[in-house]
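Number of protein chains: 4
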Amino acid sequence: MKSTYHITVRGYELDSFGHLNNAVYLNYAEQAKWEFLNDNKLLEIVNQYGLFPVILENNIRYMHEFKLLDKVRIETEWICTHKILHFKHIFFNDKTEVKSCTISGKLMFADSNRMVSDIPDEIYNFMQEDLN
Amino acid sequence: MKSTYHITVRGYELDSFGHLNNAVYLNYAEQAKWEFLNDNKLLEIVNQYGLFPVILENNIRYMHEFKLLDKVRIETEWICTHKILHFKHIFFNDKTEVKSCTISGKLMFADSNRMVSDIPDEIYNFMQEDLN
Amino acid sequence: MKSTYHITVRGYELDSFGHLNNAVYLNYAEQAKWEFLNDNKLLEIVNQYGLFPVILENNIRYMHEFKLLDKVRIETEWICTHKILHFKHIFFNDKTEVKSCTISGKLMFADSNRMVSDIPDEIYNFMQEDLN
Amino acid sequence: MKSTYHITVRGYELDSFGHLNNAVYLNYAEQAKWEFLNDNKLLEIVNQYGLFPVILENNIRYMHEFKLLDKVRIETEWICTHKILHFKHIFFNDKTEVKSCTISGKLMFADSNRMVSDIPDEIYNFMQEDLN
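Residue numbers (the numbering used here), protein chains in the order written: chain A, 24 to 155; chain B, 24 to 155; chain C, 24 to 155; chain D, 24 to 155.
I should point out that these hints are in silico values taken from the structure, not numbers from a laboratory.
Some hints here could point you the wrong way.
Straight-line Cα separation of at most 20 Å, EDC-like style, residue types lysine to aspartate or glutamate; simulated pairs [as the list claims (entries may be wrong)]:
no.	chain 1	residue 1	chain 2	residue 2
1	C	K90	D	E67
2	D	K90	C	D134
3	B	K90	D	E80
4	C	K25	C	E98
5	D	K64	B	D93
6	C	K64	C	E145
7	A	K118	C	D62
8	C	K129	C	D141
9	A	K64	A	D141
10	D	K111	C	D134
11	D	K118	B	E67
12	C	K64	C	E152
13	C	K118	A	E67
14	C	K118	A	D62
15	A	K90	A	E120
16	A	K90	C	D62
17	A	K122	B	E80
18	A	K90	B	D134
19	B	K129	A	E80
20	A	K111	B	E80
21	B	K94	D	D134
22	B	K118	D	E67
23	C	K25	C	D117
24	C	K90	A	E67
25	B	K118	D	D62
26	C	K129	D	E80
27	C	K122	D	E80
Listed below are several chain B residues computed to face chain A (Cβ distance under 7 Å; list not exhaustive) [said to hold, decoys possible]:
no.	residue
28	F40
29	N45
30	A46
31	L49
32	N50
33	L74
34	F75
35	I78
36	L79
37	E80
38	N81
39	N82
40	R84
Quantities reported herein were computed from a predicted structural model and do not represent experimental measurements.
Beta carbons are placed, not taken as given, at the ideal position from N, Cα and C, and that holds for glycine.
Produce the complete structure using the sequences and hints provided.
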């Protein structure tokens, strides 16, 4: 399963060198996930089961900086098992096509008692489809 | 070389599940670096040479959540070569001693022309000392 | 002079009650300003003169909360004198049309010596036009 | 009722001009509130009643910038009615004693149904004491 998300670099996300701060890449990656879940009606399933996502790992390689108002395109590849959702985000500068960052990692879902939950079948099945 | 930094979880750093947001760990790790450089008079050397730090990699493992006003202790191990500063942060809950997160990664220094700089000798030499 | 800016509420901008955090409204207001300056070729003038904006006042009234993925529309009114740029942002929920927040304030421009600068004529003149 | 809170400026809170970003002052003000409530055992009362704070107004005057690792001292005056908690934060540079910012505003408490709540008697009574 693949998805694409676009986001624009905001002024307050820059560090004092005028570059996108290293932590903000994780903010972007998180938002790419929320939007993907929402766009595909998976967020309502997560909410319906009373689950919340728990990030287990993030592995980030920074390759090129982003600057004020740069257009970022995040291409994401998702691989879903019954317990773990693996993700790989690749950040591109949408104008220059320069590959600027990769973030690979994994997340699980927990319930309100903070117990690990199986990934709901609706999500698991959706993730097996190859829509792209 | 080792260093220790203490930080308290702030309310606005929590996500809507009441847990410290996954990106904020990188904010804490960054601040641990600034304070370490400053405490050891290395920040003024960085500034004197007109350099700025560029994070190359962050590899994060999340193990236990933090909550509002939790006291976090970050223990950092530093290994310095002539080009790259390697860091490994371990986050502990300072009250329960639970190991909650690790971040390993590396950074370099760049000059105002965005060229990779050697790590200044003053910093390199300091990092070879074993003060702990 | 009036302008409009659209922005979507991100997951990490929520507080632990699931509402947009009170400080993030200022982030949105700031970004609305950068985009306005950029859209109208004023940002390049600011940069050309080596100026940077300095916020002097922000007066915020919060009326209705925003939640995850809400679409926000910010309508801004600008009044420019030779020294001060006055702004009034009104935040609407773009779906429900509920007026959710107002931020009125003022900013000036400073030069690299941190001295107050006159607002460049190009910006002042632009602001006198009534494009709406 | 008066209170004092200390906080240190972090690197990632600076804007690209090296100054504390205008929105971060509200983060600091929020954290000063959480710490005040917690230090005086009021946070547990808020939680016990299932309430959460809702900021109604923030009026900010920026007077002097803060820079990396500056020590900030926030002196707060609190005035409590049965519905509204009024606050006035004054930000000082703790080293130079320069008054750098004021934030005055008000908040209320809401319950889990998002209904306005009276301020709990325990908090109201505490706020009438003059401990300083």
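Each hint tested on the structure:
no., hint, result
1, K90(C) to E67(D), "26 Å, violated"
2, K90(D) to D134(C), "17 Å, holds"
3, K90(B) to E80(D), "26 Å, violated"
4, K25(C) to E98(C), "7 Å, holds"
5, K64(D) to D93(B), "15 Å, holds"
6, K64(C) to E145(C), "10 Å, holds"
7, K118(A) to D62(C), "17 Å, holds"
8, K129(C) to D141(C), "14 Å, holds"
9, K64(A) to D141(A), "18 Å, holds"
10, K111(D) to D134(C), "31 Å, violated"
11, K118(D) to E67(B), "19 Å, holds"
12, K64(C) to E152(C), "15 Å, holds"
13, K118(C) to E67(A), "19 Å, holds"
14, K118(C) to D62(A), "17 Å, holds"
15, K90(A) to E120(A), "14 Å, holds"
16, K90(A) to D62(C), "16 Å, holds"
17, K122(A) to E80(B), "15 Å, holds"
18, K90(A) to D134(B), "17 Å, holds"
19, K129(B) to E80(A), "17 Å, holds"
20, K111(A) to E80(B), "15 Å, holds"
21, K94(B) to D134(D), "28 Å, violated"
22, K118(B) to E67(D), "19 Å, holds"
23, K25(C) to D117(C), "17 Å, holds"
24, K90(C) to E67(A), "14 Å, holds"
25, K118(B) to D62(D), "17 Å, holds"
26, K129(C) to E80(D), "17 Å, holds"
27, K122(C) to E80(D), "15 Å, holds"
28, F40, "5 Å, holds"
29, N45, "4 Å, holds"
30, A46, "4 Å, holds"
31, L49, "4 Å, holds"
32, N50, "5 Å, holds"
33, L74, "10 Å, violated"
34, F75, "5 Å, holds"
35, I78, "4 Å, holds"
36, L79, "6 Å, holds"
37, E80, "6 Å, holds"
38, N81, "5 Å, holds"
39, N82, "5 Å, holds"
40, R84, "6 Å, holds"
Violated hints, listed in ascending order, are 1, 3, 10, 21, 33; each of the other numbered hints is respected by the structure.
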